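Asks: To convert, note that position 248 of the sequence shown is 248 in UniProt numbering; the numbers rise steadily by one, no gaps.
It is worth saying that the hints were derived from the structure and are not from the lab.
Keep in mind that a hint or two might mislead.
What the hints assert, rightly or not - Cβ pair distances, simulated, as ranges: (1) 119 - 59: 46 to 52 Å; (2) 95 - 179: 19 to 25 Å; (3) 24 - 150: 44 to 50 Å.
None of the values given here were measured: they were computed from a predicted structure.
We put the beta carbon where it would ideally sit given N, CA and C, even for glycine.
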Amino acid sequence: MSENQNLLAEQRRALILDEVRRRGGVRVNELTRKLGVSDMTVRRDLDALARQGVLEKVHGGAVPLVEASTHEPGFEAKSGLELSAKEDIARAAAELVSPGAAIALSGGTTTFALAHQLLDVPDLTVVTNSVRVADVFHAAQRTSGPRQGAATVVLTGGVRTPSDSLVGPVADQAIATLHFDLLFLGVHGISVEAGLSTPNLAEAETNRRLVQSARRVVVVADHTKWGTVGLSSFASLDQVDTLVTDSGLPDGARAEIAEHLRRLVVAGGPEEPDEEPDGESADA
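All chains, please: the whole structure from these sequences, using the hints.
Replies: Structure below.
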């Protein structure tokens, strides 16, 4: 972490959070030296991160927050984290989408970033259970007016979660009748043992329906999701075709993922070769 007085607040806070997670805790005086900012600025940043529920302030510094497997942060709390990584992931994931495709986007801040990257892809049919994702497309159409090739957006009904996803029986029944070419799936956590998981039981069931209705499943998740386990698993890694993540993913995790997934795309870094777990080509 280099000294830089000109970092934006959100960039500085992302660096602080990464340092806290990597080291297991930091002191205020260490952060002032590393970031080249005042003691007061660091304390304000720690206050903001503590309000978001992503770290715990202690005397003289901060430590990681140990979350229960049932803890579900709200959309606003998650939206300010790993911003550059999410933008990189969104741009890389958008390259997987062809004009005229029928795609689904689950809830989450990374799929929200992806939605912005898809606005200029013509003739898409977008199925989503995310109020935020649907709003991206609707806002663009209100601004530009009716235009040829604009996306058709299907928003499922359901009960709204803290992350602004619609879940439950109404959403499940709607999704079960549909079939899409690609599913872009945001996750709370991903690991070899637990697969894909979420702290919300109803969301887990809705995500299962999304996976079942998709011809191909693409998980979009930044490196901090690796090793996190929520209350309920809803898919194994073997059910995922592609993981799009960022260059912060450790080398050890990349090796583990390669044993289970057909394809790993590292946004902002070299792409891993397409390969089936048994060594066959992904296109075979």
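Asks: Given a hint of 19 to 25 Å, does the C-beta separation of residue 95 and residue 179 actually sit inside it?
Replies: Holds, at about 23 Å.
Asks: Does the Cβ pair residue 24, residue 150 satisfy 44 to 50 Å?
Replies: holds (48 Å)
Asks: Mind checking the hinted window 46 to 52 Å against the Cβ distance between residue 119 and residue 59?
Replies: Given a distance of about 47 Å, which is inside 46 to 52 Å, the answer is holds.
In this structure, none of the earlier numbered hints is contradicted; all agree with it.
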